[in-house]
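**Student:** Next come the chains, spelled out residue by residue.
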Amino acid sequence: MKRYNTHTGWIIVAILAIIPVLIWLTMLPFSLRFGSIVAIFTSLGQVAGLVGIVLFAISLILSARLKFFDRHLSGLNRVYLNHSRIGAIAFILLLFHPLFLTVQYLSISLPSAASFLFSFSYWPTNFGKIALFAMIVLLVLTLFVSLRYHVWKKTHKYLGVAFFIASLHAFLIPSDISMNLVLRWYVLSLSALGIVAYIYRTILGRFLVKRYLYTVAEVKQLNAIITEIALVPFQPNKTMPYAPGQFAFISFADPLISSEQHPFSIVSTPESNELRFAIKKSGDYTRHIEKLQKGVMASIEGAYGKFTLSEIPNKRQIWIAGGIGITPFVSMAQYLFHQPENKEYAIDLYYCVRNDSELAYQNLLAEFASNNKNFHLISFCSDMQGRINAKVVQDTSNGLENKDILICGPSVMMRMLREQLGQLGVSKRNIHSEDFQLT
Amino acid sequence: MLTKKLVGVSLFIFWAVVVAILVAWLLSYQKNTTINPSIAMNNSTPVVLTASEVAKHKTGKDCWMIVGDKIYNVAPYIGAHQGGATTIINSCGKDATIAFNTQGGQGNHSSNARNLLQNFYIGDVGKTVSAEQLNNTVFKIQSNPLPAKSSRNEDD
Chain Y
281 MKRYNTHTGW IIVAILAIIP VLIWLTMLPF SLRFGSIVAI FTSLGQVAGL VGIVLFAISL
341 ILSARLKFFD RHLSGLNRVY LNHSRIGAIA FILLLFHPLF LTVQYLSISL PSAASFLFSF
401 SYWPTNFGKI ALFAMIVLLV LTLFVSLRYH VWKKTHKYLG VAFFIASLHA FLIPSDISMN
461 LVLRWYVLSL SALGIVAYIY RTILGRFLVK RYLYTVAEVK QLNAIITEIA LVPFQPNKTM
521 PYAPGQFAFI SFADPLISSE QHPFSIVSTP ESNELRFAIK KSGDYTRHIE KLQKGVMASI
581 EGAYGKFTLS EIPNKRQIWI AGGIGITPFV SMAQYLFHQP ENKEYAIDLY YCVRNDSELA
641 YQNLLAEFAS NNKNFHLISF CSDMQGRINA KVVQDTSNGL ENKDILICGP SVMMRMLREQ
701 LGQLGVSKRN IHSEDFQLT
Chain B
38 MLTKKLVGVS LFIFWAVVVA ILVAWLLSYQ KNTTINPSIA MNNSTPVVLT ASEVAKHKTG
98 KDCWMIVGDK IYNVAPYIGA HQGGATTIIN SCGKDATIAF NTQGGQGNHS SNARNLLQNF
158 YIGDVGKTVS AEQLNNTVFK IQSNPLPAKS SRNEDD
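In order, the protein sequence lines correspond to chains Y and B.
Each number in the numbering used here comes from the position in the first sequence (counting from 1) with 280 added on.
Each number in the numbering used here comes from the position in the second sequence (counting from 1) with 37 added on.
Just to be clear, a hint being listed does not mean it is correct.
Below, simulated BS3-like cross-link-like pairs (lysine-lysine); rule was C-alpha separation at most 27 Å, straight line [to be verified]:
id, chain 1, residue 1, chain 2, residue 2
1, Y, K434, B, K42
2, Y, K671, Y, K708
3, B, K42, Y, K409
4, Y, K708, B, K41
5, Y, K708, B, K42
6, Y, K409, B, K41
7, Y, K433, B, K98
8, B, K131, Y, K433
9, Y, K437, B, K93
10, Y, K433, Y, K347
11, B, K41, Y, K434
I should point out that these hints are in silico values taken from the structure, not numbers from a laboratory.
Computed from a predicted structure; not experimentally measured.
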């Protein structure tokens, strides 16, 4: 995964956010915009509103789960992470938008400020207040309340409606947007893209988003907490293309399982007609996955992710898997050792679990290790050996120089390892990680 | 985590400011049963509504202006003016006929805005009003900070 894609994405967002500010700056002289404390706060309020709505639109566009962003930015994981960050920044700006504008009214009198904030007689302003209140409720639910996933997801979708109402506010009130044609078209275009992206993913998703139909062929318990599901295509020639290490979103049409969509890493390889996923019991949804019945239909959207071999030219690699994070590596290892030309790869795989009972695929991986002198499997049980750290990896792998390191596992583990590897001199360009948490 | 903390702090500041303004306004509203001090409560001398009288009321808290042949005290409305406070304050104490009719060069105020303006009517230019009439007018405006008829579904 090329790091510059992450920076490129942020640069594009920054440019999109700065453009309306530059247009706004040209509309009045600086002396009027910043000539007094009141003028400064008014200007800050206007800019906060402008940048806030632009970032809100960008956040919605990123949430549409477009393959374009998955391919050209740093993978869907980072797209969702950045969707959250940009959404949070937009929210903060939109909170301060009315606060800063209130200062000019406070400078007149308290009743003026109160009527600005609490009057509900003018619908263009009401739209702004309704949208902001809706954002507050929905984002508090997202960030500060522990809701069940399917409940949270249903509430989070309403942010698109909040955005639509905020757009009505932006275009109906007399403001800088209404007075400048270029600014008006710029904000209108971004708002329209945001609304289109929202409608594409939510209302029209079932018609427009490409999904593949499969049926459940086998459900196998690998251990007490991991279930492997094998699926075959419903129609033989309609299989989902993917690369080893990628993931897909699945929803099952089984009355015993919720029909909500969830992302899981693929453990099979593209050469096989079967699609296999290994799923760990960890929440309301996955707890019931072992009840899945054979013959059930599954709708699969994907594949996504840039945690794949083709993204990393360096064939000297260290793989560090934590718990269910082994899944992308299982796919990659199978792919590598079925292709004779891939013998040039030299890989050390650290498989980290709490104890032996959590291991899955260890026989398959051990077989690869015994048949390939350049593939080493090191099991690491934290109950006995403590948590894995970068120093242990450095010592066991005879150094970290000239190697690319792939990490997949719990967020805490990945964060710690990245820090430790950085302290040992490993460049960020050589560290690749896949976070299973998309939010 | 940092993002979550920033959002939390911003939410706290937002609600703290909003609640503070609401509480302060409610407390001051309860106390506000007296007439605007800029008007001489006990002065029984009638007031002639001329341009020079209007010019004495030129602040955001006491904002008289002439529009057409009528005089208005628009101070209670400044906070709700969709075109911003400054645009109104610039005309306090003056003849604002052209500014109002051209919306400061942006167009014309809507019929709704014109209807709204009538809520702030004090008297016709040149008319003499008694202090009591004036006090009642101001009291009516102040005790009803936003007029009942304010269906502003067009730009002001």
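**Student:** Each hint should be assessed against the structure and marked as holding or not.
**Tutor:** Outcome of the hint check:
no., hint, in the structure
1, K434/Y with K42/B, "holds (24 Å)"
2, K671/Y with K708/Y, "holds (17 Å)"
3, K42/B with K409/Y, "holds (23 Å)"
4, K708/Y with K41/B, "holds (25 Å)"
5, K708/Y with K42/B, "holds (26 Å)"
6, K409/Y with K41/B, "holds (22 Å)"
7, K433/Y with K98/B, "violated (48 Å)"
8, K131/B with K433/Y, "violated (56 Å)"
9, K437/Y with K93/B, "violated (55 Å)"
10, K433/Y with K347/Y, "holds (21 Å)"
11, K41/B with K434/Y, "holds (21 Å)"
In this structure, the earlier hints numbered 7, 8, 9 are contradicted, and the remaining ones agree with it.
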